[in-house]
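Use these hints to put chain X with the ligands onto chain A, whose structure you have.
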Amino acid sequence: METVFTTDLKPLLDAVSQQMELYIPKKSGEFYVFIKYDPASGQTIEFNNIRACTPLKDFLFPVRELAAVFPEAAEAEEVKPFAVFGLKDCDLRALDVLDKVFIEKDFRDPFYVKRRENMFIIASDCFEPAGSCFCNVMDGKPFADKGFDLNISQVEGGFIVEIGSEKGDEFVKKHSNIFKNLPENALDERKKNRTETKKQLAEQNAEMKFDCPVREIFDSSEDSEVYDIEAKTCVECQACTRICPTCHCFYLYDTKQKDYFSKMKMWDSCMRQAYAAVAGGANPNKILGDRIKHRLMHKFVYFLDRYGINMCVGCGRCVDAEAGEVDIREIMKKLYQELKDRDSKLTKVSK
Amino acid sequence: MSENPYQPIDSEIIDIIDESPTIKTFVVVTNGPFKFETGQFVELTLPGEGEAPFTPSSSPNDTEKMEISIMNAGRVTNLLHKCGKGQKVGIRGPFGNGYPIEDFVGKDVYIVGGGVGLAPIRSLFLTLVERAKDFKSIVCRYGARTPEDFIYKKTLHGKWQKIDGVDIKLTVDKANGDWKGNVGVVTTILKGDDVNIKNAVAVVCGPPIMMKFATLKLLEFGFADEQIYLSMEKNMSCGFGKCGHCMIGKYYVCKDGPVFTYDQIKKYPKIWD
Ligand SMILES: Cc1cc2nc3c(=O)[nH]c(=O)nc-3n(C[C@H](O)[C@H](O)[C@H](O)COP(=O)(O)OP(=O)(O)OC[C@H]3O[C@@H](n4cnc5c(N)ncnc54)[C@H](O)[C@@H]3O)c2cc1C
Ligand code: SF4
Ligand code: FES
Numbered sequence: 235m236e237t238v239f240t241t242d243l244k245p246l247l248d249a250v251s252q253q254m255e256l257y258i259p260k261k262s263g264e265f266y267v268f269i270k271y272d273p274a275s276g277q278t279i280e281f282n283n284i285r286a287c288t289p290l291k292d293f294l295f296p297v298r299e300l301a302a303v304f305p306e307a308a309e310a311e312e313v314k315p316f317a318v319f320g321l322k323d324c325d326l327r328a329l330d331v332l333d334k335v336f337i338e339k340d341f342r343d344p345f346y347v348k349r350r351e352n353m354f355i356i357a358s359d360c361f362e363p364a365g366s367c368f369c370n371v372m373d374g375k376p377f378a379d380k381g382f383d384l385n386i387s388q389v390e391g392g393f394i395v396e397i398g399s400e401k402g403d404e405f406v407k408k409h410s411n412i413f414k415n416l417p418e419n420a421l422d423e424r425k426k427n428r429t430e431t432k433k434q435l436a437e438q439n440a441e442m443k444f445d446c447p448v449r450e451i452f453d454s455s456e457d458s459e460v461y462d463i464e465a466k467t468c469v470e471c472q473a474c475t476r477i478c479p480t481c482h483c484f485y486l487y488d489t490k491q492k493d494y495f496s497k498m499k500m501w502d503s504c505m506r507q508a509y510a511a512v513a514g515g516a517n518p519n520k521i522l523g524d525r526i527k528h529r530l531m532h533k534f535v536y537f538l539d540r541y542g543i544n545m546c547v548g549c550g551r552c553v554d555a556e557a558g559e560v561d562i563r564e565i566m567k568k569l570y571q572e573l574k575d576r577d578s579k580l581t582k583v584s585k
Numbered sequence: 168m169s170e171n172p173y174q175p176i177d178s179e180i181i182d183i184i185d186e187s188p189t190i191k192t193f194v195v196v197t198n199g200p201f202k203f204e205t206g207q208f209v210e211l212t213l214p215g216e217g218e219a220p221f222t223p224s225s226s227p228n229d230t231e232k233m234e235i236s237i238m239n240a241g242r243v244t245n246l247l248h249k250c251g252k253g254q255k256v257g258i259r260g261p262f263g264n265g266y267p268i269e270d271f272v273g274k275d276v277y278i279v280g281g282g283v284g285l286a287p288i289r290s291l292f293l294t295l296v297e298r299a300k301d302f303k304s305i306v307c308r309y310g311a312r313t314p315e316d317f318i319y320k321k322t323l324h325g326k327w328q329k330i331d332g333v334d335i336k337l338t339v340d341k342a343n344g345d346w347k348g349n350v351g352v353v354t355t356i357l358k359g360d361d362v363n364i365k366n367a368v369a370v371v372c373g374p375p376i377m378m379k380f381a382t383l384k385l386l387e388f389g390f391a392d393e394q395i396y397l398s399m400e401k402n403m404s405c406g407f408g409k410c411g412h413c414m415i416g417k418y419y420v421c422k423d424g425p426v427f428t429y430d431q432i433k434k435y436p437k438i439w440d
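Heads up: the sequence lines are chains A and X, in that order. With my numbering applied, the first sequence corresponds to residues 235 to 585, in that order. With my numbering applied, the second sequence corresponds to residues 168 to 440, in that order.
With the rest of the complex left out, here is chain X:
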């Protein structure tokens, strides 16, 4: 961490990829190498306008550049969506704890995601497949509102499906065009025998309501509270456990999370709100 934790690192958007009607991926280079662990997040500043937390969606092993997939959801993200290549931005971080990959070794990794929640999950996925042999299997269940709303479409429908040891199923809330896959929320494609629950971990990331119902479903299947890893999204400002905005009980999501096991946070009120 730099001496002044409030000081952003000068960075630049070098490329922008349209992913879906509401999501773009921004390719960012920082002034000097930038290291993070998968699941950690950064605070991205649009100079003079504002700052927001995002989880890089690229693999941490790519230290040249970082990709950040951003949904147009409010003031700052809307302004970001209007930016072009060459835009100067600031990066603070990385913050938080990331996914405990080593604890996943030798197990089935059951990944459940929805919407822009696929962004952190993409980074995790890329990290896992780089050493796919270390895991029993990588099973992904993703949902989107409509087929257009899927991000990383090309790899999601293509390359990723063909990786050995990887099993991906997709669903949409509402079908259109030539969608032939499942229709229904993501919990409708979760099955009790997707993975060997006795030797598995589940990773859930997406909108709060999806996280809630996915967690309930996993518990119903027999997952233990400690086997479910949740990426919690809370209002954030500082990123290092001081400003108070992101608290869940005694935890600061920015510092102790954003990844928690369900066991850690279940006793606190309103975790899904």
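For reference, chain A alone in the conformation it holds in the complex:
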């Protein structure tokens, strides 16, 4: 893919923000969040080394939105082009998940599709993964090689800008004055940085080296007590599902306005006790451990079976966000251990 170079991010981001609304990362406490960029305000431009804690779904599938107005259907809300800078490979893989759900052959969520078409993606490389990141376990990488319009890699003396789409190409051509040719060795340096970060991830997740697909670990966990044990440390804050970039449950509710009725669409959480309850009292997931199990089975088995990709991208957000102590990595490790123990018992018996 074509690459160019810039010594300073400001002219690039200013140029983007002249064309559309732009969101950039800003450190808030330990983590980054996205804020609106205002070139006139003298805002400092920060390069987020790791994924922001704001999940990308916020931009495409807001917490609450108007889904229908009746009796007279309303004109659909206009969506203006917007850009997000600082997205990581895990964000883009989460986007693949949401695309699979909301843009199917026989179904298109009109609200999602509109925002998706108007989004300009400026991705960037990670180089100081958070302690909770485990994307490498979920087939991810600390840098993206597709799914973006532009990707930025920080190197000595500036930034490599890689073009990933026609939209990105158009932008670079239009603003060719901002960009220079790539310095010699820049790509080698990027490669070195990337390898280094990958190594770091492999090291910090050394305990999660599994000799079977993650799917198998969960698929064989039907009778495991791990979920109920982990549930004891869960305070049901639902933060895991809110912050997860791939969780996409919602519910519809109706409201009465002065001269019309509306149907609202709002995020929901499968961790909520009444989530699957029906009139008459039946509820397959009354017990918290069963809800945790369902959530993880959906992530690692059901979604994969249906759509062919994993629904967990290993971003570690849920690990950080959790008010309780449930840790998806620990569950994975414990279930893996149980699987191995069962396997070795079986081999002993067959011997």
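Treat the hints as calculated values from the structure; they're not laboratory data.
Among the chain X residues that face chain A by a calculated CB cut under 8 Å, a handful are:
1) Asp177
2) Gly257
3) His412
Ideal placement from N, C-alpha and C gives every residue a C-beta, glycine not left out.
Just chain X with the ligands, lined up with the frame of chain A:
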């Protein structure tokens, strides 16, 4: 599907029939023709109040109007029961897969139902009897709590019993008044020789507990897992496989169901809960 799948079609309740102490049938006309297949369901909105999934109980061949039998079971259904003729409602759908009628051709169709589960089954029944000759036989076994709790009483006790090729037996959990029929849960009137199991399909719809025991009984008779069709009732919101509420394993009941063979879902946990 309209461009906005969340947008209900303007509709109106034009008639209401009292079926039992807890169930009413609402006759609904939509703005323009509305097509569905038997077993598919709709989301019915009471404007400003809420929405719930229901399976039309009328025949899909009646495209003028649709009948929906609703049990007063909670917030929205209670409000619906308080509505009168002329009430504006919204309809989304139809959703789901419906019954695979063509697979039933040439076979004994063994229908087991209970409670408000008779609603989808009525639609199926009407669809089957419209072409009764295509099926070996139509054998129905229905249960209700008490004789008053049966819905579609007039046709159930009268006209339907007399159709050629149809065999209907009823039972109640608790008898009263001049009930002369069987007393006991619906599984007590299921018999291994009701149909020729080698060339039959079974259709089960009703409260979860009834579905469970009916399925176990059918398996005991020798029905294969693939021969048993179950109408699964799960919490629903969107109706098109996105909101996540209705999942059974990898399936979305609203989209891949609500009709499943037992074979499809038996490996997943808690299907009856
Ligand atoms: C495919 C399908 C077909 C159905 N067909 C019929 C029918 O023909 N006749 C009939 O009387 N009933 C039918 N039901 C059940 C009916 O949808 C529920 O009784 C109804 O949703 C209860 O809503 P409520 O607001 O009165 O109850 P509440 O308990 O107050 O509902 C609270 C919430 O739970 C949800 N919910 C509660 N029970 C159910 C349920 N059983 N299924 C899905 N969501 C639920 C509601 O959407 C609501 O969000 C069907 C259910 C499904 C899934
Ligand atoms: S489950 Fe946790 S680690 Fe996986 S994608 Fe969601 S927030 Fe990230
Ligand atoms: S009702 Fe929304 S996914 Fe089935």
